[in-house]
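Visitor: Sequences listed follow chains Y and X, in order. All letters in the first sequence, in the order written, are residues 18 to 421 by the working numbering. All letters in the second sequence, in the order written, are residues 5 to 298 by the working numbering.
Be aware that a few hints might be false.
[Unchecked claim] Calculated lysine-lysine pairs in the DSSO-like style (CA-CA distance at most 30 Å, straight line):
hint: 1; chain 1: Y; residue 1: Lys-248; chain 2: X; residue 2: Lys-236
hint: 2; chain 1: Y; residue 1: Lys-189; chain 2: Y; residue 2: Lys-248
hint: 3; chain 1: X; residue 1: Lys-63; chain 2: Y; residue 2: Lys-102
hint: 4; chain 1: Y; residue 1: Lys-102; chain 2: X; residue 2: Lys-232
[Said to hold, decoys possible] Covered stretches of chain X, going by a simulated chain Y footprint (3 or more residues, C-beta under 8 Å):
hint: 5; stretch: 121-135
hint: 6; stretch: 156-165
[Unchecked claim] Between beta-carbon pairs, the in silico distance windows are:
hint: 7; chain 1: Y; residue 1: Ala-133; chain 2: X; residue 2: Glu-50; range: 52 to 58 Å
hint: 8; chain 1: Y; residue 1: Glu-85; chain 2: X; residue 2: Arg-281; range: 54 to 60 Å
hint: 9; chain 1: Y; residue 1: Ala-70; chain 2: X; residue 2: Thr-46; range: 21 to 27 Å
hint: 10; chain 1: X; residue 1: Ser-9; chain 2: Y; residue 2: Ser-183; range: 40 to 46 Å
hint: 11; chain 1: Y; residue 1: Thr-171; chain 2: X; residue 2: Gly-43; range: 33 to 39 Å
hint: 12; chain 1: Y; residue 1: Thr-48; chain 2: X; residue 2: Leu-256; range: 35 to 41 Å
hint: 13; chain 1: X; residue 1: Leu-20; chain 2: Y; residue 2: Leu-356; range: 51 to 57 Å
hint: 14; chain 1: X; residue 1: Leu-29; chain 2: Y; residue 2: Ile-401; range: 40 to 46 Å
hint: 15; chain 1: Y; residue 1: Glu-78; chain 2: X; residue 2: Val-113; range: 34 to 40 Å
hint: 16; chain 1: X; residue 1: Met-282; chain 2: Y; residue 2: Leu-407; range: 55 to 61 Å
hint: 17; chain 1: Y; residue 1: Ile-338; chain 2: X; residue 2: Ser-131; range: 56 to 62 Å
hint: 18; chain 1: X; residue 1: Arg-281; chain 2: Y; residue 2: Leu-407; range: 55 to 61 Å
Quick caveat, the hints were computed from the structure, so don't treat them as lab data. On a predicted model such as this, the values are computed, not experimentally measured, just so you know. Positions of the beta carbon are idealized from the N, C-alpha and C atoms, including for glycine.
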Amino acid sequence: MIKRILALLMLALVALGTVSLIGCGDDDAITLNVYNWGEYISDGSEGTLDVNAAFEDYYYETYGVRVEVNYTTYASNEDMYAKLKSGATSYDIVIPSEYMIQRMIDEDMLEELDLANIPNFAYIAEEFQYPEYDPDNRYSVPYTYGMVGVIYNTKMVDEADTGSWSLMWNDKYSGKILQFNNARDAFGTAMYYQKIDVNTKDRTEWETALAYLKAQKPIVQGYVMDEVFNKMKGESAAIAPYYAGDYLTMYDSNDALAFYYPEEGTNVFVDAMCVPRGARNKEIAEAYINFMLSEEIAVANAEYIGYASPNTLVRENEDYIAYMVDWHEDAMNILYPDLSTYTTSYYHALDAETQEMANGLWEQLKIESSVGSSIHTLALIIVIVVAALLLWRFILKKYRSAQY
Amino acid sequence: MKILSKSYIALILAVLYVPILVLMLFSFNSTNNTGVFTGFSTYWYEELFRSAETFAALKNTLILAVSSALISTVIGTLAALGLDRMRSKLLKGTINSVTNVPMMNPDIVTGISMMLLFVFVGTLLGSTEKLNFWTLLIAHITFNIPYVMLNVSPKFRQMDKFLPEAALDLGCTPAQSFFKVELPCIMPGVVTGFIMAFTMSLDDFVISYFCSGSDFQTLPILIYSMTKKEVKPDIYALSTLMIIAILTLLILTNLSGDKGESLKDKLSDSASRMRERMQTRRAARASGKDGESQ
Chain Y
18 MIKRILALLM LALVALGTVS LIGCGDDDAI TLNVYNWGEY ISDGSEGTLD
68 VNAAFEDYYY ETYGVRVEVN YTTYASNEDM YAKLKSGATS YDIVIPSEYM
118 IQRMIDEDML EELDLANIPN FAYIAEEFQY PEYDPDNRYS VPYTYGMVGV
168 IYNTKMVDEA DTGSWSLMWN DKYSGKILQF NNARDAFGTA MYYQKIDVNT
218 KDRTEWETAL AYLKAQKPIV QGYVMDEVFN KMKGESAAIA PYYAGDYLTM
268 YDSNDALAFY YPEEGTNVFV DAMCVPRGAR NKEIAEAYIN FMLSEEIAVA
318 NAEYIGYASP NTLVRENEDY IAYMVDWHED AMNILYPDLS TYTTSYYHAL
368 DAETQEMANG LWEQLKIESS VGSSIHTLAL IIVIVVAALL LWRFILKKYR
418 SAQY
Chain X
5 MKILSKSYIA LILAVLYVPI LVLMLFSFNS TNNTGVFTGF STYWYEELFR
55 SAETFAALKN TLILAVSSAL ISTVIGTLAA LGLDRMRSKL LKGTINSVTN
105 VPMMNPDIVT GISMMLLFVF VGTLLGSTEK LNFWTLLIAH ITFNIPYVML
155 NVSPKFRQMD KFLPEAALDL GCTPAQSFFK VELPCIMPGV VTGFIMAFTM
205 SLDDFVISYF CSGSDFQTLP ILIYSMTKKE VKPDIYALST LMIIAILTLL
255 ILTNLSGDKG ESLKDKLSDS ASRMRERMQT RRAARASGKD GESQ
């Protein structure tokens with residue numbers, strides 16, 4: 018029987034092998050390696066448009082060349098950066114956030130784009146052309162953007178307390194507040210609250226922010242990233258800072274949730290398409306970028322992701338507006354606030370020294386835990402008990418051997 | 005006392021299986037809400053079967069797990085055989101502990117060091133795609149081998165040392181003695197080793213993460229990258245299907261283990277058959293000689 022099972026497994030392997038061989042049968046197809054955030058493209062699920070398949074068709078029809086999009090995903094800018102920096106892989110397209118783009122430009126990790134190959138760039142809204150992280154707009158084409166705001170549950174939070182970052186420091190909601198679980202965004206909330214420049218290099222300013230985060234710690238339920246979805250939807254927390262697009266996703270399952278941009282100012286991010294150095298198919302990559310900016314595709318992506326699109330074709334598309342309003346009646350205002358009425362700023366790439374200081378301060382905050390002492394006591398007790406047991410056995414052994 | 009012991013077992017089983025049951029339950033939820041069960045539906049299963057990305061990743065993971073487990077089972081079994089035959093106790097002990105290091109090592113250390121090695125060698129060879137399916141396969145084989153050895157080595161130790169000798173005595177070539185006598189003896193260890201290697205490779209994230217290139221994304225890496233937004237319940241559906249598949253496989257192996265004739269019977273069978281064959285051969289030779297002399 019065991020032999021039979023092994024034989025079956027072998028058979029399965031052979032079968033899989035053939036399937037995979039058939040799968041990549043057309044060897045003449047050029048592979049375009051796209052490296053994007055997870056769930057950051059309309060992929061055909063839940064009846065949406067499969068953008069990558071559409072590009073393959075489009076490219077074949079237009080240029081007569083078969084292209085196969087090899088689409089892989091990452092969870093953070095830093096993951097993507099580490100992978101590219103190791104120099105081990107070659108991607109044709111990556112989609113980092115603005116501060117990472119700045120850093121990659123500084124480290125000469127991006128190819129210059131030929132905007133002549135990307136005519137649809139003209140549809141990018143003016144405020145996202147020639148942005149401060151890429152002043153000559155040589156390296157990046159914006160894909161999505163969004164702002165951090167505060168999400169709160171209208172059943173648990175008094176409307177009068179909202180409007181400012183101070184809600185996150187309001188001890189009326191002790192144990193119901195969530196905070197970001199990464200240094201930059203968490204310090205960001207405190208810095209915007211205290212109107213400190215988030216790109217400051219001044220240690221005292223960072224320490225002021227740390228003092229605020231420490232003061233907030235006792236009333237914070239937890240430091241979270243993607244867990245925020247379940248906690249807010251399931252109402253185990255009442256207040257959390259997160260991105261506007263993600264608020265809409267949460268609102269989808271719990272319509273008691275509401276959202277506002279704090280009056281003190283907030284962070285705005287842009288994720289933009291770039292071609293990393295060493296890309297093997299730069300021209301196809303540019304065609305891909307251009308394709309992503311065409312109306313139908315950009316609308317499909319914007320509807321799927323739920324983040325704001327910097328593409329004017331999307332913002333003016335009536336189907337899109339109808340879709341978003343159907344999702345949340347105020348969706349267009351939430352996603353596309355008039356940027357001039359809010360104080361917003363980008364995160365800049367921090368220099369190594371400031372980065373290290375920020376990480377150090379963040380560690381300080383995370384290590385100083387309120388349960389720390391009790392855990393130490395518990396560990397100590399366990400160690401003592403184990404030692405006592407060992408000693409007892411040792412004595413018993415001695416005693417017994419002495420008796421014989 | 006009986007109630008106490010029974011409730012203890014129940015508690016342990018609950019701790020082990022309640023999370024899995026909850027996952028299974030929520031894979032049948034009608035919305036993507038993980039806090040509240042809003043109604044029964046198979047929507048996420050339909051969604052799963054529509055998701056090409058997930059299936060590609062699943063296919064990759066299975067190809068990788070099966071091939072790395074097979075190769076590492078062969079290598080690991082041969083290594084265990086070699087170790088078993090080794091005379092020097094010191095050398096044996098040293099090699100044994102050295103092969104255990106990858107198992108004890110934190111995954112991240114193994115992952116990063118392998119990545120550095122691959123990049124270094126790739127640079128020497130001047131390849132553009134330094135990490136690809138093959139590097140991932142090598143990495144998986146590497147961390148699977150110790151698990152196979154761990155399962156096979158004890159079987160060699162348990163095996164009657166005289167069995168292979170007897171086989172050689174009865175006219176087997178060394179290869180025949182290995183395949184006909186020793187391999188059946190150590191087979192349970194080989195199979196467990198294979199299954200362990202398969203599961204280790206199936207759910208490895210850290211090492212795969214560092215050693216995979218742009219061409220090959222496995223399921224754990226895909227699921228991890230989903231945490232930027234949120235993991236959708238179609239992944240719960242996939243996990244449910246995988247758990248059911250593994251459970252069926254386990255039940256099948258256990259059932260067949262009970263029914264199959266015991267190893268000893270098989271061995272004594274083949275030994276007696278061999279003996280008979282030898283006897284007839286000897287008899288034939290003897291009669292031939294008789295014929296000559298007459």
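Visitor: Please test the hint of 21 to 27 Å on the beta carbon pair from Ala-70(Y) and Thr-46(X).
Guide: Between Ala-70(Y) and Thr-46(X), where Cβ atoms are some 25 Å apart, the hint holds.
Visitor: Quick check on a hinted range of 55 to 61 Å for Arg-281(X) and Leu-407(Y), using CB atoms only.
Guide: At roughly 59 Å between Cβ atoms, Leu-407(Y) and Arg-281(X) fall inside 55 to 61 Å, so the hint holds.
Visitor: With respect to the beta-carbon atoms only, verify the hint that Ala-133(Y) and Glu-50(X) lie 52 to 58 Å apart.
Guide: violated (44 Å)
Visitor: Does the hinted range 56 to 62 Å hold for Ile-338(Y) and Ser-131(X) at CB?
Guide: violated (49 Å)
Visitor: For the hint 33 to 39 Å, verify it against the beta carbon of Thr-171(Y) and that of Gly-43(X).
Guide: violated (24 Å)
Visitor: What's the verdict on Lys-248(Y) and Lys-236(X), does the C-alpha distance respect the 30 Å limit or exceed it?
Guide: Since the Cα atoms of Lys-248(Y) and Lys-236(X) sit roughly 15 Å apart, the hinted pair holds (cutoff 30 Å).
Visitor: Tell me if chain Y covers the stretch 121-135 of chain X under the three-residue, 8 Å CB rule, please?
Guide: It holds, with 8 qualifying residues against the three required.
Visitor: Cut-off 8 Å, C-beta pairs, minimum 3 residues; does the coverage of the stretch 156-165 of chain X by chain Y stand?
Guide: violated (count 0)
Visitor: For the range 40 to 46 Å, tell me whether the beta carbons of Ser-9(X) and Ser-183(Y) fit it or not.
Guide: violated (56 Å)
Visitor: Regarding Glu-85(Y) and Arg-281(X), is the given constraint of 54 to 60 Å on their beta-carbon distance met?
Guide: holds (58 Å)
Visitor: Verify the proposed pairing of Lys-102(Y) with Lys-232(X), using a straight-line Cα cut of 30 Å.
Guide: Status holds; Cα separation ~21 Å.
Visitor: Note whether the CB distance of Leu-29(X) and Ile-401(Y) lies within 40 to 46 Å or breaks it.
Guide: Roughly 42 Å apart at Cβ, these two residues keep to the hinted range, so it holds.
The structure does not agree with the numbered hints 6, 7, 10, 11, 15, 17 stated previously, though it agrees with the rest.
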